[in-house]
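Given the coordinates of chain A, work out where chain B with the ligands should sit on it, guided by the hints.
Line by line, the protein sequences give chains A and B.
Under my numbering, the first residue of the first sequence is numbered 136, with each subsequent residue one higher.
Under my numbering, the first residue of the second sequence is numbered 3, with each subsequent residue one higher.
Because the hints were derived from the structure by calculation, they are not lab data.
A portion of the hints provided could be inaccurate.
Claimed, not checked - Once the Cα atoms are required to be at most 30 angstroms apart in a straight line, the calculated BS3-like pairs of lysine-lysine come out as:
no., chain 1, residue 1, chain 2, residue 2
1, B, Lys-119, B, Lys-75
2, A, Lys-259, B, Lys-87
3, B, Lys-19, A, Lys-259
4, B, Lys-119, A, Lys-259
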Amino acid sequence: MLSFIFRRLGLLIPTFFGITLLTFGLIRMIPGDPVEVMVGERTLDPQMHADAMHRLGLDKPLYAQYVDYIGNLLHGNLGESLVTKTSVWTEFKTLFPATLELALAAMAFAVVFGLLAGVIAAIKRGSIFDHGVMGISLTGFSMPIFWWGLILIMFFSVKLGWTPVSGRLDLAFDITPRTGFMLIDTWLAEAADPSANAGAFKDALMHLILPAIVLGTIPLAVIARMTRSSMLEVLREDYVRTARAKGLSPARVIFVHTLRNALIPVLTVIGLQVGTLMGGAVLTETIFSWPGIGKWLIDAISRRDYPVVQNGILIVATLVIITNFIVDILYGVANPRIRHAK
Amino acid sequence: MSLLEIKNLSVEFGSEKNPFRAVEGLDLIVNQGEIVGIVGESGSGKSVTMMAMMGLLEGQGRIVADTLQFDGKNLLTISARERRKIVGKDIAMIFQDPMTSLNPSYTVGYQIMEVLKIHQGLRGAALKQRALELMEMVEIPAAASRLNAYPHQLSGGMSQRVVIAMAIACNPKLLIADEPTTALDVTIQAQIMELLVNLQKSQNMALIMITHDLAVVAEVAHKVAVMYAGQVAEMAKVPGIFRTPTHPYTEALLKSIPEHSKGAHRLSTLPGIVPGQYDRPSGCLLSPRCPYVQDKCKAQRPGLTAIDGGVVRCHYPITAKEA
Ligand SMILES: Nc1ncnc2c1ncn2[C@@H]1O[C@H](COP(=O)(O)OP(=O)(O)O)[C@@H](O)[C@H]1O
Ligand code: SF4
Ligand SMILES: [Mg+2]
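Looking at chain A on its own, in the form it has when it is part of the complex (with noise of 0.2 angstroms):
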């Protein structure tokens, strides 16, 4: 198990370079600069230009601004916004748990829905609900982001009114943030104060439902195939029928026997997610103006900022991965013939 570790690590060191050089190299590609984007419209004086390039360090060859940057990121320095001046890590640190409340909520509504559908899909295969669950999610697997969250928003927002049309919480609250999660603030705020904040909760919570749903449908898809076929192949297996010629009750030789070891593709599955959910996260957020990492991005990089999006990315980056690595931890957890392996 040790070395199983260990080996994942070294596979680290090369993802990390491979990330930066991609990023590096990305956001350089797209044409106009840092300078050009800040004046905009207005006409440049050449001089002016090459002056605040060279403040900004940006004058320097390719391979210079790339081992400077390498450099700063070995010092532990991820540099600081070129527009707003903070640092990147204080920008994502504030804006992370925006990120994160979303991400979760998503993942939340993914995994409870997609292993129930999985399962009784499973269970009762070739019944119209296991056509129906395989149909829907085939649609739900290829459901492009954007027009999902536009449709839903015209529907459940502007039709019926139920839920708001963008952002974590109606502007007439005025929460502390200590968390950084809506939920728990608005929560906290509520029992502080119940006079003033009523109603917070259920605003952060209604709120959250359809940008959660939109980022979960893909994942939710996934999770419910993978866990049907999961269930049919472990159905399938002898000690299932040693199971139930022990005579346990069908709930038990399901949850105990069957899921168990279903879930052990599964789990990789969800696990590998994450990387989905925080490409998602980009697009979802931009539709629902949530004020997470993914919206932070997306205006980084029409800001030509670099130092933003590079290490912006990296740090999600190192997240993902940092994910699928307990992941596989928990994989060789929750199958002993992996945690025993030599």
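Using the frame of chain A, we list chain B with the ligands on its own:
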């Protein structure tokens, strides 16, 4: 009263329009403390018969029978809940491949104790004590340390001992061993077989020993049912059936004993294989392979006729031919 009584059992798979009868008109009686051998090549319907009786086909097969009675209870009309109180407790089954019969995610101890918890309500120290006792009964060395082992840490023979421990946990009245040694090394096979027979005596259980190896059955069984393509070809007492086999198929099985015990899968004495869903002949099911086949065999399926101490399904039983 007999412990298990099966009369005219049929099990059908496939669609209603295009059914496949894996078991057809099967009769079987097992008395208390008796060892009954069921032999026949792969695909004869041995496993399906037992699975149907225990309710393990899970709605996959359509089961019809005149009588399906165990220990005075009618298994045809019993509720699923009532059946689960019998299955795993009074009737237990051991399967062919021990390496895949245990759940890889749970310890051996957990899987043995699970039966004791569910059927006998044992808890705590008494539960663990009984699990250890069972592991010692099936001669697992260093039982206490094996309690926390996972199945992948055990050899095939050791796994089969664990499966046997699970099966005898609640002192079943009937133990069904479905080719319990087929998947094991030849050296281990004899040990497991001996263990089963010893346990049968000490626990005074009835034992149904399913195998395609007649030699095994010849040594231990009181009675043998020879199955072919879903039907009983011959059922008779031991040792009579070995001295004077009446059915051509039994005779062929007997002649092939030497090779069979060496692990050959085809019958050298009888070319061909058991007919499946699409190639069952209209007359006697054995007619394409039978060395004694006559015109009548191809035209008409034989029924069961009584012989000395049993039944046979053949138009021209061997003793009659010789007489
Ligand atoms: N669940 C099932 N669905 C369809 N056919 C089956 C099923 N189980 C067994 N059969 C068929 O029934 C026949 C008898 O099988 P089985 O009882 O396993 O034979 P044996 O145990 O004697 O080797 C075989 O032809 C097999 O393919
Ligand atoms: S009925 Fe005919 S074909 Fe069938 S076993 Fe008897 S002799 Fe052979
Ligand atoms: Mg079988």
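Numbered hints the structure breaks, given as an ascending list: none
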